[in-house]
Structure formats: C-alpha cells, structure tokens
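A.B. asks: Those letters in the sequence shown? Residues 2 to 322, per the numbering used here, in order.
Simulated from the structure, these hints should not be mistaken for laboratory data.
None of these values were measured; they are calculated from a predicted model.
Honestly, I wouldn't trust all of these hints.
[Unchecked claim] Estimated spans, in silico, between C-beta atoms of each pair:
| hint | residue 1 | residue 2 | range |
| --- | --- | --- | --- |
| 1 | 162 | 81 | 41 to 49 Å |
| 2 | 310 | 232 | 35 to 43 Å |
| 3 | 311 | 6 | 17 to 25 Å |
[What the hints assert, rightly or not] In silico DSSO-like links for lysine-lysine, alpha-carbon gap of 30 Å or less:
| hint | residue 1 | residue 2 |
| --- | --- | --- |
| 4 | 276 | 170 |
| 5 | 227 | 162 |
| 6 | 203 | 177 |
| 7 | 322 | 301 |
| 8 | 203 | 170 |
| 9 | 107 | 170 |
| 10 | 314 | 187 |
| 11 | 33 | 148 |
| 12 | 107 | 33 |
| 13 | 177 | 200 |
| 14 | 114 | 177 |
| 15 | 200 | 162 |
| 16 | 319 | 308 |
| 17 | 170 | 148 |
| 18 | 170 | 114 |
| 19 | 203 | 187 |
| 20 | 200 | 114 |
| 21 | 148 | 200 |
| 22 | 200 | 226 |
| 23 | 177 | 187 |
| 24 | 114 | 162 |
| 25 | 60 | 200 |
Heads up, the beta-carbon is just placed ideally off N, CA and C, and yes, glycines get one too.
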Amino acid sequence: MSTTIKEVAKLAGVSVSTVSRVINNSGYVGEKTRKKIVDAMSELNFEPSSIARGLVSGKTSTIGLLLPDVANPFFAEVARGTEEAAIESGFTVILCNSNWDLEREKMYLNVLKGRGVEGVIIIGNRSPERDLIRMLSPVPCVFVDRKVTSDESYIYVDHEKGARIATEKLISIGCKRIAHVTGPRKSTSARARLSGYLKTMKKHDLETIVLQGNFRFSGGYEAAKKAFTSDCPPDGIFAGNDMMAIGVIQAANELGIQVPDDVSIVGYDDIDMAKCTSPSLTTIRQPANEMGRAAFSLFKNRVSEMKIEFDAKLVERKSTK
C-alpha cells in the first residue's frame, strides 16, 4: 500500500494541512518543521502525485486532448502539433480517442475533468457543442476543426470553401458525373464539405451523387466499388478525406479503372500518404500541425472568443487530369 499524507503528518508530528503546504510550496512553514516533514516523507518513501498536488493548487500542468479517430493521420498530426507545443511549455497531455462514439466521448470528458486537467482541446467530435461545454464546465476548452457559436475559442478551416475548390477542379477538367464520398453524418466538417459539393454542383446544373463513407479507407473503398460497378459510373470523385480517397484509388486499381484517364479523384487533408499513392493524390490541404499548435496557444494564453481560420488550398498531383 502507498503511504498517505496522514502518515507523513503523524510521523513528523504536524497537521495534514502543514504537510500539504510543504508539498505545494504554499504558505509559511518554518525551516525546522519543513525538515521534519521532508525527513518523514523520505523515511516513508512518500511521493506526492502531480494530480494530488494539482487538485490542491488548481494547477496540474496537464491538458486533455480528445479526438475522434487516432488512426486518422489528419487527427494524429493535429494531436502531434498540440503535444509538441504543450511539452515545450512544460505541460503533459492526456490523449483520449473516442472512435466517433458519443458515449465514449462523454466518458472521456468525465475522466478528464476528474483528473483535474487545466483545459481540454477537442479535435472534431460528434457531441453537440452545448453538451461538451456543459460537461466540462468550468474547465476551458478549445475546439479544432469545428466552428462553434459559444464564447469558446476554435481553430477552423472553411470546409465548405475547400469542397467548392475540390469540386470546381473536377468540373474544370471536364468531369460531368462527379460523386462525393462523405464522412460520418454527425461530423460537422463532413457536413460542411457535403454542402460545398452540393452547392457547386447545383451552380453548374450537374447531377449530384452522394455516397456514404466514414472518413476511413474502408468507407472510400466500399463506396467506390459500388459506384464503379453501377450502370453509370462517375468520371470524377471528390472524397471527403484522403483516407477515403486512397480507398477509392485502391478500388479503381482492382477493377482495372485507370486514374486519372477513366476517373479523376480529389481528396481532402493532404496527409503524408497522399504523396505516396499511385498515382499521387490531388487534395485540399489543411495545415494540421499548425492547427494543433495554435489550439494550445489559445489555451495557454487563455484567449476566449478567439476564432482562427486557416485557408484550404488545392494541392495538384497525378490523380486528376
């Protein structure tokens, strides 16, 4: 069993509150008394945890990082940027992966609050904004990859604009039947990208083809297989993220469909793997690492109501004509 603060106080012949003042370096404690307490802690091998100290002082130098899919390279890169910035400032990070599951999101938010984190950075998510804020209150949070209407800060890319750029690219090279593989229905970024696609197709009076995906390789692969084997296969596909776009390319390769001669493909995120596909992937770039660093900066400087929007940019490679 681990030694308790009460045992240290008893051995040193002082009160628990006096031991607490020494542990947290708060309030006056005489040198003789301080030495007694330090000697008692040494004799009992007592090591106060950072969490215990933080709950007393209100400063744990720990933040929570909640993301929906740790296997998704975009979310992982945002997390890496946040962690790098946090470590540089002397903070530790508790990483929580919700796996796009609402109940798991709620569980992790309760765990983080119980651990006494000083703030939570939320990357993507499914829960309604008001529920997240209510569950975390009074712990401050910063949203990444999601616009919010509350006073909380957020980091965002205009996904509707990015989707318009992607769809316009396919139209500009002559594609007439353009399909969109969308992300999870509860994802705000997926809905924004779908909206940009639909508005652009309507603007050009083109038929819309929406295929349900999941922001994972499997979602793009399965959706593309069905689309490519239909009576009227698409000649252009805008995938809601790069992982699904890679799945689309794999399906095309297996079916003997030539990219980009038979079908042009555009992804979204510009993850590192986008350069390595065959052919390399044309995509919309989000500055993931910068977004993660900016999120920690907003938390550290306690900037409320700060809205930072990054530009979505087209990166042209070999998957489009």
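A.B. asks: Hint by hint, which ones does the structure fall short of?
C.D. replies: Hints 1, 3, 7, 9, 11, 12, 14, 16, 18, 20, 24 and 25 are the ones this structure does not satisfy, whereas the remaining hints hold.
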